[in-house]
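Participant: Fit chain B to the given chain A structure using the hints.
These protein sequence lines map, in sequence, to chains A and B.
FYI, in our numbering the residues of the first sequence are 1 to 301.
FYI, in our numbering the residues of the second sequence are 302 to 703.
It should be emphasised that the hints constitute simulated quantities derived from the structure, not laboratory data.
Note that the structure is predicted; figures quoted are calculated from it, not measured.
Not one of these hints is a red herring.
Think about it this way: if two alpha-carbon atoms lie no more than 35 Å apart in a straight line, the pair counts; the simulated DSBU-like pairs of lysine-lysine are:
hint, chain 1, residue 1, chain 2, residue 2
1, A, Lys213, A, Lys126
2, B, Lys335, A, Lys173
3, B, Lys446, A, Lys213
4, A, Lys126, A, Lys173
5, A, Lys173, A, Lys213
6, B, Lys446, B, Lys487
7, A, Lys263, A, Lys173
8, B, Lys487, B, Lys565
9, A, Lys187, B, Lys695
10, B, Lys335, B, Lys446
11, B, Lys565, A, Lys213
12, B, Lys335, A, Lys263
13, B, Lys446, B, Lys565
14, A, Lys187, A, Lys173
15, A, Lys187, A, Lys126
16, A, Lys187, A, Lys263
17, B, Lys487, A, Lys213
18, A, Lys263, B, Lys695
19, B, Lys335, A, Lys187
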Amino acid sequence: MTQPRIAAFARLANGDVAPNRLITGQNTLLGRTIHGLAYDPTRDEIVVPNALADAVLVFRAAAAGSEHPLRVIQGPRTELVTPHAVSLDLQNREILVASLTGRRINVFRWDANGDAAPVRVIKGPKTELGHVVGLAVDPDRNLLAVANTREILIFNRRDDGDVAPRGRIAGPKTGIIDEPWQMEFYKGRIFLAASNHFHQNLYDGVTLRPEAKVVPDDPWLNPILGFMGIWNITDNGDVAPLAMIRGSFSGLIHPVGLALNPKDGEVYVSDSVRNGVLSFLVPQFFPQENPTSNPDGRQAK
Amino acid sequence: MIKKLAAACALGFVLLATLATLGRAAPQESKSSKPAPEDIPPIRMIADPYPAFNGIAVDAANGVVAMSDPNRKSLLLYDRARASQGGASRGEASLPMRQIVGPDTFLGMIAGIILDPRRQEIYTANNDIEDTVVVMPYGASGNVKPARVFSVPHQAWGLALSDVADQIAVTVEVQNTIVFYRRQVKGVEAPVRIIRGPDSGLADPHGIYWDESHNEIGVANHGNFRGVVKNTGGGCAPSFVVEDDAEAGESRPPSIRIFAAGAKDDVRPLRVIQGARTGLDWPMGIAYDPQHDAIVVANNGDSSILIFGRTSNGDVAPLGVIRGDRTGISHPMGIAVDAQNGEMWVSNWGDHSALAFASGARGNVAPKRIIRSAPAGMPTPGFGNPMALAYDSKRDELLVPN
Numbered sequence: 001m002t003q004p005r006i007a008a009f010a011r012l013a014n015g016d017v018a019p020n021r022l023i024t025g026q027n028t029l030l031g032r033t034i035h036g037l038a039y040d041p042t043r044d045e046i047v048v049p050n051a052l053a054d055a056v057l058v059f060r061a062a063a064a065g066s067e068h069p070l071r072v073i074q075g076p077r078t079e080l081v082t083p084h085a086v087s088l089d090l091q092n093r094e095i096l097v098a099s100l101t102g103r104r105i106n107v108f109r110w111d112a113n114g115d116a117a118p119v120r121v122i123k124g125p126k127t128e129l130g131h132v133v134g135l136a137v138d139p140d141r142n143l144l145a146v147a148n149t150r151e152i153l154i155f156n157r158r159d160d161g162d163v164a165p166r167g168r169i170a171g172p173k174t175g176i177i178d179e180p181w182q183m184e185f186y187k188g189r190i191f192l193a194a195s196n197h198f199h200q201n202l203y204d205g206v207t208l209r210p211e212a213k214v215v216p217d218d219p220w221l222n223p224i225l226g227f228m229g230i231w232n233i234t235d236n237g238d239v240a241p242l243a244m245i246r247g248s249f250s251g252l253i254h255p256v257g258l259a260l261n262p263k264d265g266e267v268y269v270s271d272s273v274r275n276g277v278l279s280f281l282v283p284q285f286f287p288q289e290n291p292t293s294n295p296d297g298r299q300a301k
Numbered sequence: 302m303i304k305k306l307a308a309a310c311a312l313g314f315v316l317l318a319t320l321a322t323l324g325r326a327a328p329q330e331s332k333s334s335k336p337a338p339e340d341i342p343p344i345r346m347i348a349d350p351y352p353a354f355n356g357i358a359v360d361a362a363n364g365v366v367a368m369s370d371p372n373r374k375s376l377l378l379y380d381r382a383r384a385s386q387g388g389a390s391r392g393e394a395s396l397p398m399r400q401i402v403g404p405d406t407f408l409g410m411i412a413g414i415i416l417d418p419r420r421q422e423i424y425t426a427n428n429d430i431e432d433t434v435v436v437m438p439y440g441a442s443g444n445v446k447p448a449r450v451f452s453v454p455h456q457a458w459g460l461a462l463s464d465v466a467d468q469i470a471v472t473v474e475v476q477n478t479i480v481f482y483r484r485q486v487k488g489v490e491a492p493v494r495i496i497r498g499p500d501s502g503l504a505d506p507h508g509i510y511w512d513e514s515h516n517e518i519g520v521a522n523h524g525n526f527r528g529v530v531k532n533t534g535g536g537c538a539p540s541f542v543v544e545d546d547a548e549a550g551e552s553r554p555p556s557i558r559i560f561a562a563g564a565k566d567d568v569r570p571l572r573v574i575q576g577a578r579t580g581l582d583w584p585m586g587i588a589y590d591p592q593h594d595a596i597v598v599a600n601n602g603d604s605s606i607l608i609f610g611r612t613s614n615g616d617v618a619p620l621g622v623i624r625g626d627r628t629g630i631s632h633p634m635g636i637a638v639d640a641q642n643g644e645m646w647v648s649n650w651g652d653h654s655a656l657a658f659a660s661g662a663r664g665n666v667a668p669k670r671i672i673r674s675a676p677a678g679m680p681t682p683g684f685g686n687p688m689a690l691a692y693d694s695k696r697d698e699l700l701v702p703n
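Just chain A, same shape as in the assembly:
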């Protein structure tokens, strides 16, 4: 993002339009790295990470201008390490935080504030967590889906510490190549912005890696285009998406941001190459029935 801010646009906005309002300015404590934010309809709040200050900020949803957050989760007890994306588990009233360089998922109570300890932290070599961005909870099956490096990992929702994932959606049939991004959940289904930009970083911090020899190609020019894909959260293995949006007519190149509006049957996707937000009318993606209703998490037949 170029300017630290949150812009609110009318859902029906189309074309070259200005936002209805901006949350921006020093008092907001926002930073210029936000890779996942969430709206909480039950409390009418917006939850936003600040990766550059190891913080999670909670605003009233109607905030405007240089408005201070209602709550700030920040400090040594939080165990936050470059948090860059957040998701909400509304049913269990928890905030889930993805940490990239920390390779961890911190879980906080919805009302955590200040130097608050997480209620759970998933981290360690068994977890296989790497490039973590999107997180999505299925509260009925108590499952947690994670957009990770080149795959989707599935954990038990209450997992804590160094635990192995219970499932994995990965492989050529999935179409996920590199850095899957924002993820949402609706009635047993995972919605994923599979960006497929191919990012190579030559530095660890500010130290050049010894093996670095050549400037990589522009990651946004990766010819393998991204897509928006849907899986059942109980899928496991090399499974093709249940449905997807992809191709030249879709306008998607390397989609990253994702939001759902089941009531109007719409999916919203942001694309960094387009520098735009695209709206798709896809009511068929929002089944009324839960497609995977087995409580033990196995896929329904």
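Facilitator: Then chain B, alone, in the frame of chain A:
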């Protein structure tokens, strides 16, 4: 009738898409010219078709003012003196001398920009995952390969060049660092030195200037600080090193930190401008004005330009402020000083414009000249690689961090 047809078309799309979802198939490229079933057109798209200015640089000797444009991912060069000609003062878009744009250019979410008048080169920093600084000749136009590209740590923002030191300085946000390279750097080269560490006080550094006459560099900081200063990973850059320890992040007040130009490692700044009196509010671009021995700051948060004395130190009020409805300043990102012509240039992120003020201007004053990348009044979505979304179901709004 039209509404009925539109509804029928929409229903048709829905039916086709529904059929497409009945069977599972791996997401392969279609070889047919007919759209694949999953190739669903959007019903709406918010995007800005015009260039949006981030950084700005001016070269009086060659009569050029240049801007970085992370929206359309381009560089634009304008005639400095003819800026308002062609109708910009009447609200029409200005015609650039040249625009560098296209897939061969390596230009992405570019931020800081500087000009090298002697060698007639443009430098601009890719702030996102390109992790590069791109160097173009003044004469470049269209979809051209850069003269040079060099790798930098993730989240490079500000640039400053010194002929005396023959070095280029690059600020790196998430690492709270300034990295220095030899001026001729190309490809993959290690920095020749860095400034970083707790004593430096760097916290989310952005704009930087190099004052050769006083052998100093100045850096604008937003104040975001990751607690413990670690030399690993960061931002959206994957790392092979796991950061196990909590970092105790802080949201510090914004600051301007002045260092000796030859400083390196964990060094204390010579002076620090920081505190409630300063009025600093997300300082972005920063420049030194030799004519007035002043530091000028693009104060993004409150849409103003702040002017401090070069030797200002501590919690001090600015010597002057340019702010108000007559100025046309709207969330400024870049600032550049043309000492030869007694002007300072400001690039607006909140509007498709760049403004030239007399360098002694203060208060609510109109600019001398305007460059517009779009007709006046065109809306500005303001996207810069929007990497996340949320839907506010109560207000029926899309929330876009950008």
